[in-house]
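So the sequences go chain by chain: A and B.
Counting from 1, position 113 in the first sequence corresponds to residue 113 in our numbering; the numbering is continuous, with no gaps.
Counting from 1, position 288 in the second sequence corresponds to residue 288 in our numbering; the numbering is continuous, with no gaps.
Check before you lean on any hint, since a few could be wrong.
Unchecked claim - 30 angstroms max Cα-Cα, derived BS3-like pairs, lysine-lysine:
hint : chain 1 : residue 1 : chain 2 : residue 2
1    : B       : K247      : A       : K247
2    : A       : K173      : A       : K195
3    : A       : K195      : A       : K232
4    : B       : K232      : B       : K181
5    : A       : K277      : A       : K232
6    : A       : K277      : B       : K2
7    : A       : K130      : A       : K277
8    : A       : K277      : B       : K277
9    : B       : K2        : B       : K130
10   : B       : K277      : A       : K247
11   : A       : K2        : A       : K195
12   : B       : K226      : B       : K277
Everything labelled a hint here was simulated from the structure, so no lab data went into it.
Number of protein chains: 2
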Amino acid sequence: MKNDRFLRALARQPVDRVPVWLMRQAGRYLPEYRATRERAGSFLALAKNPEFACEVTLQPLARFPLDAAILFSDILTIPDAFGLGLHFIDGEGPRFARRIESASDVANLPEANVVEALSYVSDAVSLIRKELNDSVPLIGFSGAPWTLFCYMLEGGGSTHYHRAKRFMLDEAKAAHQLLNKLADAVIEYLIMQAKAGAQVLMLFDSWAGLLAAPHYFEFCERYLRKIVHAIKADPASANLPLIVFAKGANLHLESLSMLGCDALGLDWTVPIGEARKLTGGRVALQGNLDPAVLYAAPDQIRSEVALLLEEATTAPGHIFNLGHGMNPDMLPEHAAVVVDAVHSYSAAQRARTSLA
Amino acid sequence: MKNDRFLRALARQPVDRVPVWLMRQAGRYLPEYRATRERAGSFLALAKNPEFACEVTLQPLARFPLDAAILFSDILTIPDAFGLGLHFIDGEGPRFARRIESASDVANLPEANVVEALSYVSDAVSLIRKELNDSVPLIGFSGAPWTLFCYMLEGGGSTHYHRAKRFMLDEAKAAHQLLNKLADAVIEYLIMQAKAGAQVLMLFDSWAGLLAAPHYFEFCERYLRKIVHAIKADPASANLPLIVFAKGANLHLESLSMLGCDALGLDWTVPIGEARKLTGGRVALQGNLDPAVLYAAPDQIRSEVALLLEEATTAPGHIFNLGHGMNPDMLPEHAAVVVDAVHSYSAAQRARTSLA
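Just chain A, with the same shape it has in the complex:
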């Protein structure tokens, strides 16, 4: 690996500068992405074609000296593999043709053959690995069961996810059946990506922060734990660093740090120093700049990056990222400022510390 900063930080080893990648670093804010999508015809045609997926995965790496690549895909591939009919409406986000409405819908849900239905993901991972040629590590990922459950019950995005919560409360048994099916599929999916060449794995639980604590432990974290244990028990994936991003679940960081994963993603609302205390050195931490900072002027961006790096200190185990994904209306030039500011400030910070 030519640049192993990301892997070293995940292993909580010292680095010459803090590694950085940006959630949704491949996406609509890049004109070259929009051109590829135009050629592909639609978001799904792009995501389901390994060549296109490879092309857009590599685009941000050609622009910025990023320390990791992340597979271009969607977090909703698994519900799609369960036959719910994923599609995208421009400007409105993901929609499913069918949604889960009852316990019998759960019972009648066909088994998903993840490896077969999502072979395009496996093909994309292999192709990206080949094209990366060991320049930087490749991250494979999946949506986490609670978040997939929310989308499957709502049939798409939602403001408050009331259908999902009502089902969880009124049909707890069926909810657990569905969450178990999803966890099993996620395990199979991540192991498939590991076998295809992913070097780091990441779980996105975007809606972990929606729940009251008892529901969080019962319907969300429990399934993260199941997945982490299975990934760490399988020879194909046991040695891959695993990152869990339970967005908004900052009150549960201590518990999350005991899942057995290697790193936790942080949204921007928790100070990284506080997160380090709560997680007691058990995991590396990935984050956590407020993505809105990318809308600010370059000088302001640099000063916010510096503030975060000072809060993080030079202690090992920090991967710089945003606290949430990039948006289509962000400027590529501002992403460049973030990446440069992270590298240059953290290098200077280390030089300063070694002199002291």
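Fit chain B to the known structure of chain A by using the hints.
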């Protein structure tokens, strides 16, 4: 006061049963509210007419044995008083005719004569107090500066409030000018409501949870502190219990508990036992059932209420509420179940404790 449970709980005195009221207890989920709104012609015509506002304030109290009334109004009355032209588009929420776009917009913002511009609120408070006839206490309220700032910069609701955050970062000086103007207006507004007869005051900072910690302290909590100090320094309002609800700011509960207010509102994501530890007995706590529980079946609602009351224990200083406002598609019958479950379970809990 015929029913002083709410005031006793705010003073952290023992109560025979836990007092309960529900955020947005007067609203579209009630058919009688929809009928009044129909007669008024629009939401704003309703909110700006003291007779209509009084009528809808009292409607939930006629249905349910609630322990408090809250003035029917909107959190955006103050930006409206600054001349931004508040209006409502059905199904889309609040919009302003003008929004703040630059530092010069802040400098040129006319002074708001809150007492004159919002005299309809003062009139509504007086009328409601008269009609309540000391049955239960009346809560007056205001939106808090950071939340008002967000709406004024965005011109309405928003997903991520990027305009507001960009202005905060790039135009920090003008942001503070605006936040100071808003804080002064909020102080004047709450004192006006106190003079008109409000018996409890509440500040809603709905977007407190959007911010990274350094921004939270600088642009949000600082102005809550300014208001709390001014309210506690004015003879007209000093003796009124003051509740601060900084939604989503659960990582800052310890700091919030030192503001000098009497109670903190809690959203549903923080366990109330944990919140009590963080706030060290300095304040009463109001909350914090996940509002989505109202979509569940009555048995399930009762069991979730019991779970929360067990977590809260019988320690003094708990006012039961939802962790966020009620929605138009909730069933009035389910609100009745919550109120009854709180009263009956907490009374039994106290009987059990006194026997033990």
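Status of each hint after checking the structure:
Proposed proximity of K247 (chain B) and K247 (chain A) is supported: the alpha carbons are some 17 angstroms apart, at most 30 angstroms. Between K173 (chain A) and K195 (chain A) the alpha-carbon distance is near 33 angstroms, which puts this suggested pair outside the 30 angstroms criterion. Between the alpha carbons of K195 (chain A) and K232 (chain A) the distance comes to roughly 14 angstroms, so the proposed pair stays at or under 30 angstroms and holds. For the proposed pair K232 (chain B) and K181 (chain B), the alpha carbon gap of about 19 angstroms is at most 30 angstroms, so the pair holds.
The suggested pairing of K277 (chain A) with K232 (chain A) holds, with an alpha-carbon distance near 25 angstroms, which does not exceed 30 angstroms. The suggested pairing of K277 (chain A) with K2 (chain B) is violated, with an alpha-carbon distance near 49 angstroms, which exceeds 30 angstroms. Distance hint between K130 (chain A) and K277 (chain A) is unfulfilled; the C-alpha atoms sit about 39 angstroms from each other, more than 30 angstroms. For the proposed pair K277 (chain A) and K277 (chain B), the alpha carbon gap of about 18 angstroms is at most 30 angstroms, so the pair holds.
Distance restraint check for K2 (chain B) and K130 (chain B): the Cα-Cα separation of roughly 14 angstroms lies within the 30 angstroms cut-off, and the hinted pair is therefore satisfied. The hinted pair formed by K277 (chain B) and K247 (chain A) meets the criterion: a straight-line CA distance of about 24 angstroms does not exceed 30 angstroms. Restraint check for K2 (chain A) and K195 (chain A): the C-alpha separation of about 21 angstroms stays at or below 30 angstroms, so the hint holds. With a CA separation close to 25 angstroms, the supplied pair K226 (chain B) and K277 (chain B) stays within the 30 angstroms bound.
The structure shown violates the earlier hints numbered 2, 6, 7.
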